[in-house]
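Engineer: Each chain is listed here by its residues.
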Amino acid sequence: MDSIYFIVQQMLIFSIPLLLVALGGMFSERSGVINIALEGIMLFGAFIGALIIRLIQNNVSPALLSSVGFGQLVLIIGLLTAGITGLLFSLLHAYASINMKANQVISGTALNLFAPAIAIFAARSMAITGDTQKVPFTNQFLIRKVPLLGDIPFIGDLFFKQLYISTYIGFIILILGYIFLYKTKTGLRLRACGEHPQAADSAGVNVFKIRYLGVALSGFLGGIGGLVFIITTSTEFNASVSGYGFLALAVLIFGQWKPIRILNAALFFGLMKTIASGYSGIPIIKELPIPSEVYKMVPFLATLILLSFTSIKSQAPRAIGEIYDTGKR
Amino acid sequence: MNKPKLILFGELTDKKVNVMSSFFAIFAGLLFGLIIMIITNANESFQAFFTILFGPIGGLKSIGKVLFYSTPIILTGLSVGFAFKTGLFNIGASGQLIVGAFVAVYIGVRWTFLGPSQWIVATLCAGLAGAFWASIPGILKAYRNVNEVVATIMMNYIGIYLVTYLVKLTIYQSGRNESQRVNIDAVIPSFGLENIFGPRSVNGGFFLAIIAVIIIYIILEKTTFGYELKAVGFNRDASKYAGINEKRSIILSMIISGFLAGLAGAVIYLVGTGKAIEVKDILPAEGFDGIPVALIGLSNPIGVFFAGIFMGYIREGGFLMQRFGFKTEIIDIIIASIIYFSALVIIFKEFILKAYKNKLDKKISRGDNNG
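First to last, the sequence lines map onto chains V and A.
Each residue of the first sequence is one higher than the last, beginning at 5 in the numbering used here.
Each residue of the second sequence is one higher than the last, beginning at 641 in the numbering used here.
Please keep in mind that the hints were generated in silico from the structure rather than gathered at the bench.
Backbone N, C-alpha and C define an ideal beta-carbon position, used for all residues, glycine too.
Any given hint could turn out to be false.
Pairs of lysine-lysine, DSSO-like flavour, derived with a Cα cap of 30 Å [unchecked claim]: (1) Lys105/V x Lys655/A; (2) Lys105/V x Lys165/V; (3) Lys994/A x Lys213/V; (4) Lys105/V x Lys870/A.
FRET-style restraints, in silico, Cβ to Cβ [stated by the list, open to error]: (5) Arg963/A x Gly160/V: 57 to 65 Å; (6) Ala925/A x Ser7/V: 36 to 44 Å; (7) Arg840/A x Leu92/V: 41 to 49 Å; (8) Gly755/A x Asn268/V: 53 to 61 Å.
Required output: the full structure, derived from the provided sequences and hints.
Structural biologist: In structure tokens:
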């Protein structure tokens, strides 16, 4: 039983950043803008978020540092900072791909190169930890048990123990995102811009504005997801998000650009990651003669296989990556 | 009627505008880097910047290092650029490179029976391994319509985990957590370059890169085969209609692109400096560097060659600049901003065309429109 709790708790920790970032990517791509810059956006958001957290933690009394309640406040401030950072950073991509009609893959690649370069340069120039690029912080964010709810048998152990507030934030954003995309006028317009921008435009939709909104949302959620990943898997920012941005891209595609499927894909990928890293903690898997690299490979392999079955009748937004040219109506 | 001409640049072709835009992007990127340096430390910024620009030509040792850095990224740049020319975006050069590197190192460690030809076999097989790795997204693109950008990203990660596993399984040196060193016969010879630039510097791999540049240039510009590949890149359906086997073309493009990336893997690891594949699950940076090299070089093999040298040059410049207290990542910032600016190429194009038009208008108003 304990190992089931362990698996679920770990799976949630790995899945939530993927969920957040893939949902962000969904808004961008469903508005018609490819976003392979998710990796860079995550990294940059995580960098500034970790800096802010460190700044706050360095300036409070040690007593507050051991307070989990205060930790939640710090974390939320950090997440908002990371989100806003990601949003601002993503505007570079929006400007290039929407206003300047740039190749969206190239502009995204530029952002992916930018983020680690700036983060390492800034961290080393500020000499936070000597000459390294690390930004350490105190992990005071883990909620060992949610009061009352954590006492419920079974469910309490699964969903209300050993987790971070980001888990709940992730699910709230999923619900809000679903409602936004399918139940609001702006959501409908956003989907229209990704399918047929010319038609949307002739119906009076401002395609430029909507696409900016889509990219900005992806930046906001990407930044948050980046910090969530760092907070929940480490105690320092080390100028990398370990390819999670690209994994989120795989989640997005595996989830066929739809919120609920994205959740399922994120959970599946999180499970694989759990098995790959938490390996020795799970008795049954420890005995199987499968190396951990195989579990690490499975999410990517699964995405590739799924793609080879779905791509012929692709469910990708139809106008994805297409430059919107008003003259082309 | 005579075509309008601009005195400074001669006839204004698309190609020239593109080359000029590339230079503008480099200029803007360098300027951006300078601004960052002024912000961080105004006092020494100009001296340091001067060192980036002119430091590497200060001595043979530096020049040797520039060429040494350039060698693998010319190959990955060619890989990405070749795919670009044929309408494919190969982000998977890193994965193809590491798979090639594993095969090269494996042969370099184990196949000692080959004697002096060991490095040749290791290098060629590295290319083949890269080609194989790239053929998978190629096949998926041709037959299953899978987007190659996403497929090559996935193949990157599959590749790095596979290589980690295979290194651990076969040629592992557990004390150092990396692969074993290659046999002396597997090291690519320096062909006399050692006498010019000193040891631990540019080696025969550089000649390999030059040969690759020439061959790719010939394929793309002088053969029907290359023309067909480019045609498919322009318009898949039209090429099919014109009788080109477009599926075969896509797969072959990826295979050639992957072969080049695999060669880069051999060039990086078949050296005498004790370089080994580390078991770290991190994709090699040289693969990603191929993307900026291809973009700055406009995917043209000769452009890629110079762009690769340029990248090696400013990296060495960045290394030398460290004595002014700046961090070498300034170079990465410059490279990233060059790519970003090259994505904004439309600004430069409009700027150039405007300047051109102004000149033309002046001429016309003078009644001189035949020069």
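Engineer: Could you run down the list of hints and mark each one as holding or not?
Structural biologist: Right, here's what the structure says about each hint:
1. The suggested pairing of Lys105/V with Lys655/A holds, with an alpha-carbon distance near 19 Å, which does not exceed 30 Å.
2. At roughly 48 Å between alpha-carbon atoms, Lys105/V and Lys165/V are farther apart than 30 Å, so this suggested pair is violated.
3. Proximity of Lys994/A to Lys213/V is assessed by CA-CA distance (about 28 Å); at most 30 Å being required, the pair is judged to hold.
4. Between Lys105/V and Lys870/A the CA atoms are separated by roughly 23 Å; this keeps the pair inside 30 Å, and the hint holds.
5. The hinted window of 57 to 65 Å between Arg963/A and Gly160/V holds, with their beta carbons roughly 60 Å apart.
6. With their beta carbons about 38 Å apart, Ala925/A and Ser7/V fall inside the hinted range of 36 to 44 Å.
7. Checking the proposed 41 to 49 Å range against Arg840/A and Leu92/V shows it holds: the Cβ atoms sit about 43 Å from each other.
8. Between Gly755/A and Asn268/V the beta carbon distance is about 56 Å. The supplied range of 53 to 61 Å therefore holds.
Against the hints set out earlier in the document, a violation occurs for number 2 only.
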